[in-house]
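J.: Single-letter residue listing:
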Amino acid sequence: MWEYVEFCELSRSTSSEDEMANVAIQAKGLNRWFGEGEAKTNALRDVELETVFGEMVYIVGPSGSGKTTLLSVLSGILRPNSGSVSVDGVDIWSLNADQLAEFRLSKIGFVFQDYHLFPRLNTAENVAIPLILKKRDWDESIHEAAKYLDIVGLKGRADLPPVKLSGGEQQRVAIARAMIGQPDILIMDEPTASLDGDTGQSILKFVHDNILNANRCIVVVTHDSRIYEYASRILTMADGRLTGTQERAA
Amino acid sequence: MKGILKLAYKLLVNDRAKFTALLVGITFAVFLMMFVTSMFAGILNHASSTVINIGASMWVMDPAVQTIANSIGMPDYVLDAVRSMEGVKYAVPLYSGGALVRLPDGAYQSVTVVGLDDTSLFGRPQLYEGKIENIYAENGFVVVRDSEYSKLESPRLGSEFELNDHRGVIVGIASAATSGLFGIPTLYTTYERAIQYIPNPRYTISYVLVEPKSPGDIPKIKQQAAALGYNALTKDEFMRKISDFYVFQTGVGTNILIMTVISFIVGLSISGQTFYTFILENLERFGALKAIGTKSRELVVMILFQAAFTSLTGYGLGVGLCTLLIVLAKLRLPSYAAMETPVNLLIAFVMVLIITGISSYVGVRRVLRIEPFDIFRG
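Protein chains in written order, with my numbering: chain B, 1 to 250; chain A, 1001 to 1378.
Quick caveat, the hints were computed from the structure, so don't treat them as lab data. It is possible that part of the hints are untrue.
Said to hold, decoys possible - Derived EDC-like pairs: lysine to aspartate or glutamate, alpha-carbon spacing no greater than 20 Å straight-line:
1) B:164 to A:1015
2) B:40 to A:1374
3) A:1010 to B:150
4) A:1006 to B:48
Assemble the whole structure, with the sequences as input and the hints as a guide.
T.: Okay, here's the thing in structure tokens:
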């Protein structure tokens, strides 16, 4: 089912205009290091990457391989020391801080490993946050959030605080929050790390079946091999480099 | 922005334990600051009670006078000299002194006796009962029905007492804008009777009360009084002089300042630390908000709003609590010397603003320093 491809073959050909238009994320020559001198650690080394809309890309690898750093650089959260990232045709690292924040808000949805839901807000309010940040009316945002809670299978839970929900349900709330702004790119950081196997699988199946579409690209960082079946491509990282990829066989 | 403020409000208020701790801290600090400064304002107000009640525009006195109670007698010629000064419309003498009265039950009670100019009765109080002209009747005195009134066994018209072996009769019961500082009842009589009944040194005029022809004449009168070797002060200047005495030449001012600073530090410590803990506990979520796309200035606005909301609510509660306590205290103890003034309110408000500023500065710094990348790294 999976076909291993050497990394040199990873870069997709983007010669035609149609294919160019379909590129979701394009990273070139990414380098990122932390510390200086002897304490210097290279988290990313000359990373080249391209994803297209309609695919669900997994980034896997051992701890310390640079997955999270890559995810952060791709999503406009961590500035690379060198290289460029283009998301939906926009060179995100040429934007200033406010423009970048605006870009993330409108184009990128985040699902964090620990959900990072506000315990003092109810579920609907948590989901509504991106709309509120977009200065939409409060009541309208809450109404919209309730719809997204329905979509992720949490109908009737809008008024509950997140702590009253199970881990899987909280993850669904986080997904609803990431999706309510209808982003083009969904970034999921270890989405199953805090969940049991079955729940993790059901969450990723839900994302694959309901969230992924031809106009959206999902990038997932994970250690969990049980959810590989939902990936369009799996990129392997080691020592800050992309070392290979497995593509779902046609 | 409205939605972001509502979000900030919900994050703050829904954390009930922290919000309560913050409110208690600010309320307590405001209450202490208000209470201490109100006590001080009350004391100063009571200290100037005679000046307020008499209501003269200008007061001529010996330069050594520091408070209304420690008047220094002036010779009679001063009155004549003042009357002849340029710009003076009229001038009358005033006697103010202490005495002991013997009440019908045989008890002795200290009183302040105010002797009004026999001709004009300038500075006379407003009467509840009786007629002011009866003050000219034999042994006539007017008693002030203030918080100290009961110390004279709540006399009625016709009640008698002894003052320095002289018979005194109550012919009027008066109101007073402010009662005295030292908890002593006040009796009004004529100037002549006052100096006749109360043993006095050689000079008997405590103050000369002056009405200038126009406000423009005040500097001239001051100048002429100074040339004579005396001080001519306006009502406000005299009240300020009395205040300055209590503030700078007694321990009261220093103690009040220390108490106010302590209240401020207590409030700052409680609210600053609680607010900082609140920020720390929500730091990761603020980081998540930053990652999602909140701009730094929006986070700053959220934190400032939270700090301002807590502070203003605490300010309102603190002022309310202080007012309630003063009202209750005055119900039980009418002479209770505490009053809230616009200055007190302003001082407490400024203190609260400083507390808010420092608390939010610490929070803002912490939130601005958080990197969304840290959220990913867990």
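J.: Now tell me, hint by hint, if it's right for this structure.
T.: Hints, one by one, checked against the model:
| no. | hint | verdict |
| --- | --- | --- |
| 1 | B:164 to A:1015 | holds (16 Å) |
| 2 | B:40 to A:1374 | holds (18 Å) |
| 3 | A:1010 to B:150 | violated (23 Å) |
| 4 | A:1006 to B:48 | violated (43 Å) |
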